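> Take the given structure of chain S and dock chains P and Y to it, following the hints.
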Amino acid sequence: MPEVYIDGERYEFEGKPKLLQFILDQGLEVPYFCYHPSMSIPANCRQCMVKVGQPVRDRETGEFELDENGDRVIRWFPKLQTSCSIDVTDGMVVKTQESDELVRRAQKDNLEFILINHPLDCPICDQAGECPLQIQTYKYGPEGSRFEVKKVHKPKRVQLGPRVVLDAERCINCTRCTRFVDEVSKTHQLTITKRGDSNYPITAPGETFDDPYSLNTVDLCPVGALTSADFRFRARVWEMNQTPSIDITNGKGCNIDLWTRDNLVLRITPRHNPHVNDWWMPDKGREANRLFNENRISRPSVKIDGESQVKSSWNNAIETFVEHIESVKPEEILLIGSPHASVEENYLLTKLGNLMGWGTPHFTPHLNEGSGDGFLITDDQAPNTQGIRLLGLSENDNDQLAKRISDSGISCVIILNDALIDRNVLTEDLFDDTCLIYFGTNENKTSQSADLVFPITCVAEHAASYVNVDGRIQRSFPAKETKYSNRRLNLEMSEGRLDRYGTKFDNWVTEDNKVDCLPAWDLFALIGMRMGLDIEYEMGGREVMDEIGRKVPSFEGVSYEQMDDESGIALNIDSKKVKSKN
Amino acid sequence: MEYRFDKEELDQIEKIKARYPEVRPATLPVLWIAQNKFGHVGPKVQKLVAKTLDLPEAHIHGVAEFYTQYYKEEKGKFVLDVCTCLSCQVCGGYDILHYLEEKLGIETGETTEDGMFTIQQVECLGACGYAPMMQITNGVYVNHLTREKVDEVIEGLKNGKLPQFESKEMRKVNPQDR
Amino acid sequence: MASEWKNFEPVLIPDIANLRNIDVYLDNGGYEALKAVLGSEWTPSSVIGEVKAANIRGRGGAGFNAGLKWSFMPEPDGKPRYLACNGDESEPGTFKDRKLFEFNPHLFIEGALIAAYAMQCTTIYLYIRGEYIDWIHMMDRALQQAYDKGFIGENILGSDFSVDFYTHSGAGAYICGEETSMLESLEGKRGYPRVKPPFPAQNGLWGRPTTINNIETLANVPLVINKGADWFTSIGARNHPGSILYGISGQVNRPGVYELPSGVPILDLIHEVAGGVRNGKKLKAVIPGGSSTPVLRGDKLEGVTMDSDSLREAGSMLGTAGLVVMDEDTDMVDVLWRIAHFYHHESCGQCTPCREGTGWLEKVLLKIKNGEGEIRDLDLLLDVTTQMEGRTICALADAAAWPVRHTINRFRDEFEARCKRSTFATA
Chain S
-10 MPEVYIDGER YEFEGKPKLL QFILDQGLEV PYFCYHPSMS IPANCRQCMV KVGQPVRDRE
50 TGEFELDENG DRVIRWFPKL QTSCSIDVTD GMVVKTQESD ELVRRAQKDN LEFILINHPL
110 DCPICDQAGE CPLQIQTYKY GPEGSRFEVK KVHKPKRVQL GPRVVLDAER CINCTRCTRF
170 VDEVSKTHQL TITKRGDSNY PITAPGETFD DPYSLNTVDL CPVGALTSAD FRFRARVWEM
230 NQTPSIDITN GKGCNIDLWT RDNLVLRITP RHNPHVNDWW MPDKGREANR LFNENRISRP
290 SVKIDGESQV KSSWNNAIET FVEHIESVKP EEILLIGSPH ASVEENYLLT KLGNLMGWGT
350 PHFTPHLNEG SGDGFLITDD QAPNTQGIRL LGLSENDNDQ LAKRISDSGI SCVIILNDAL
410 IDRNVLTEDL FDDTCLIYFG TNENKTSQSA DLVFPITCVA EHAASYVNVD GRIQRSFPAK
470 ETKYSNRRLN LEMSEGRLDR YGTKFDNWVT EDNKVDCLPA WDLFALIGMR MGLDIEYEMG
530 GREVMDEIGR KVPSFEGVSY EQMDDESGIA LNIDSKKVKS KN
Chain P
19 MEYRFDKEEL DQIEKIKARY PEVRPATLPV LWIAQNKFGH VGPKVQKLVA KTLDLPEAHI
79 HGVAEFYTQY YKEEKGKFVL DVCTCLSCQV CGGYDILHYL EEKLGIETGE TTEDGMFTIQ
139 QVECLGACGY APMMQITNGV YVNHLTREKV DEVIEGLKNG KLPQFESKEM RKVNPQDR
Chain Y
1340 MASEWKNFEP VLIPDIANLR NIDVYLDNGG YEALKAVLGS EWTPSSVIGE VKAANIRGRG
1400 GAGFNAGLKW SFMPEPDGKP RYLACNGDES EPGTFKDRKL FEFNPHLFIE GALIAAYAMQ
1460 CTTIYLYIRG EYIDWIHMMD RALQQAYDKG FIGENILGSD FSVDFYTHSG AGAYICGEET
1520 SMLESLEGKR GYPRVKPPFP AQNGLWGRPT TINNIETLAN VPLVINKGAD WFTSIGARNH
1580 PGSILYGISG QVNRPGVYEL PSGVPILDLI HEVAGGVRNG KKLKAVIPGG SSTPVLRGDK
1640 LEGVTMDSDS LREAGSMLGT AGLVVMDEDT DMVDVLWRIA HFYHHESCGQ CTPCREGTGW
1700 LEKVLLKIKN GEGEIRDLDL LLDVTTQMEG RTICALADAA AWPVRHTINR FRDEFEARCK
1760 RSTFATA
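Chains as they are written, first to last, in this note's numbering: chain S, -10 to 571; chain P, 19 to 196; chain Y, 1340 to 1766.
Hint data in this document are derived by calculation from the structure and do not stem from the laboratory. It is possible that part of the hints are untrue.
Calculated pairs, BS3-like style, for lysine-lysine (alpha carbon to alpha carbon, straight line, at most 30 Å) [as the list claims (entries may be wrong)]:
(1) Y/K1702 with P/K90
(2) P/K190 with P/K167
(3) Y/K1391 with Y/K1566
(4) Y/K1528 with S/K183
(5) P/K167 with Y/K1702
(6) P/K69 with S/K175
(7) Y/K1620 with P/K186
(8) S/K97 with Y/K1706
(9) S/K183 with P/K62
(10) Y/K1391 with S/K68
(11) S/K273 with P/K65
(12) P/K186 with P/K167
(13) S/K183 with P/K69
(14) Y/K1620 with Y/K1708
(15) S/K140 with Y/K1759
(16) S/K183 with P/K90
(17) Y/K1706 with S/K140
(18) S/K183 with Y/K1708
(19) S/K183 with P/K167
(20) P/K190 with Y/K1639
(21) Y/K1528 with P/K25
(22) P/K186 with S/K183
(23) Y/K1708 with P/K121
(24) S/K145 with P/K65
(25) S/K7 with Y/K1535
Quantities reported herein were computed from a predicted structural model and do not represent experimental measurements.
The following block holds chain S by itself, in its conformation from the complex (with noise of 0.2 Å):
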């Protein structure tokens, strides 16, 4: 196999690898901006250079040349090389920052350059903490500046579009957005203007960055000069908790992760993973920290006399529960489950219809015929519309559903998070007379229109698993504590640093934002009891997809560990019986 040595190590490799992008899967470091593996290589940082050399072979023999302590005679190039550009060549040697001086030594000249008109406000800038040019100057940058002059002076807070501004004086013009615009989105909207030491990335007069994918030119740019208008000066990076998640926003699921602080949900980011959404997001789905902060239903609620709703305690909701339950034939009782909600909460709610004999649930998908892009945006509206295929759960179209209430005899409703009124697929007036049991996330006419409302836990709060509209299954993580969680006890959530290291005086944490609801397991566990059956699942969701894996065939051995070892599995998801739906 062929060979590589760098900085005296000896390595193998396949294919044609970039150096740069070897030397990073080796767990190596050589510091770059511009490189980014999912786009074209400009080379036009110049941070990454390398000292490269070919062992030299005997014309005759092919053998390679021999110094006279035995070592290869290697043949240097005269110049220090970019190594995001240069390919990997068998014998080849390279020397890296850690063990040539002269690398060294052009890695610290180019970051002088390259600080010498930036601003270096790093005090006020978003960036600080995240910043690949503050990380490496403190690395491998020089200890002062020499430059004495005056700096190139250009526009500020400028807004591009509606979700990002730029600062084009933090700009290291390493071209990642434009390439972004060009390569990705392909929308061509930001273009590098003007030349040299004054020029920045803008779009065309008077037009507006309004690229879907607009904010991923922020998580892109390796200084400050793109920030989300969202996000801008609401937290430094380092007072936030950082969690692995599934985007529900669309049936893409894009890998995502959410940056908490006090259980708010403060901003949105893409996790690479190849086989979703490699380093991508809509920007749609960054707003969605707002369904997990706000508007969120935080205790049970019961509708008094058929009137107004009131807070009520979990013990009475439970007996309000049973009492409508018991009121009505098994028969008059329809479940609806939920593209929006999990397998597991899903499949919680068959498996509790199957022990009450109140059926299979139903479900109608959310689509929004022609919003789809062909690339991470879905007419699917829902995470997990393949997911409740895959369960068995009846699907209905839209009218089916109302039909079907108003029709069969139906007195009482099970309606698992689906904002069925809002969406109107079903009408406030079909609860005339119809009890409707609602056990949901966040307010909306749906919720409102309920006889008892349950409050559950968002994906935010709990982990859990949806399956894509590519029959991904993938999972969440626990990001935000509720009333009855606690982010030291639960294993599966993530301390900062913080929570770590910090006293209660510098620390964020409060009780004001953290919301009163359970997982849907844990409630129907409560449920059950009350009912006679024993459902409860110590271990939460993780248990309960055990379970579905023993059970469900077309989820046969999928566990968390799995998914979380291989970032998700494909399903084996028959087209003919599923339609797969973009």
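Same frame as chain S, now just chains P and Y:
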């Protein structure tokens, strides 16, 4: 003002497009056609070019901003591009520039109030042997400038008379040196 | 070389009236070389072989053997291949290619056609800087004449060789003289030099094989075909044969473009050819080949000849053979600042060391020029040049760094004299 290409220009643009295997290479030539017609390639003209070629506006903008000969705003009727680079510098290019500034009462980069003249300082125009020199509105080169010649040229321009193209013959080695 | 150059008769731009007219050109043996190569005696590879043997070294500044460059083109595969002629001519001190456009356009056109035949190119683009609008018009007329006579187009002179030939105007960007930047500009983009490899011969215009040659380089090709490589290599300096269009500017009595063999003693060029320094002043310095080539001191020119070997030994380069002559009154600080200003203005801004370094150099030099510099600023400048050199995609950073380094080193006293005395120094 609304910017439009007429039939003749659109035909010319089609011919230019036919020279290349794709549309984008027509960017520079079409920006030239636009500038020759409208006197500049400001934002609205850039939009027209983008629309005509069906190319992204940001692309046209980036190209227009990269090349210095494209005027991104309206300029005077005559743009005096005075070279001050190297050979022109050592042969008095700055004297000519400052004389022009003084004579027209404007600074480099400005336009006279009557909209007649804009003075620009430019980099080497490739007329080093005929320094100091200037180019008028991306057109004719005026070589071997002196104060008197500048006076003459300005006077002529005020009357709408552009200087003639000056052919600079190849130099022959002096016969007596042979 | 002593004084053989005095007997040289120009071949690139011979003294024939109206040679730009195709009929006059034809009367003087024009397009014979093209006819010959399209005939049965030549093949594309024998043309390349002959040009390679002639060792026409690229006249755009890099000095690479043109025939060797052509031989890098891959085998034809039936898809488009391009020849791009570089008439950007923007290096300060350089004004020679426009002479060919004006006085002998068909020699260049013929050379380009032969080159295109040798490499089996399907289209030739002639990139000319936008400022040369009058010369672009001249070339458009000359190309039309050649089209009309059947030297360009389908089945040229009844052969199965067909090629199109178009001019393409730049719009004000020095960097577009860099060959890959020129390709980007031809493709209608911002003129950013490309990362090499891949080289244009593999991946040029629109991803197809492309060769880029300077105008003067191509103009030599018909001469080599007509008279043979041996004739060509007998002219001028051994390692850099042929005649050269010397552009002489600055403070001399007779500035202009002169065609003479390579290897003319630099002092002969200044004193005899260009009539000596103006107003009887003493010679202070010469930039031998355009602004990027290191300046030479006037008192160190004895024995230096205009060819790559001699100039390398003297500590400079032949570049574009555009000489800029400076007399004893020239302020070297001013000159260097202006050169630094040029490179700062023309840096495309792609690579960090060039984008930031060129501006830094200019700003520090301005400080020194204004009498506000300190001695340590000179050392800073030298440091910055080493930080820029060899660290970028194209050679513009090198071109910006060399003049600064060498001008300071060779005229250090003058720079120090302009610096403020440090508060602590020189008691």
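> Please list, smallest to largest, the hint numbers that this structure does not respect.
5, 19, 22
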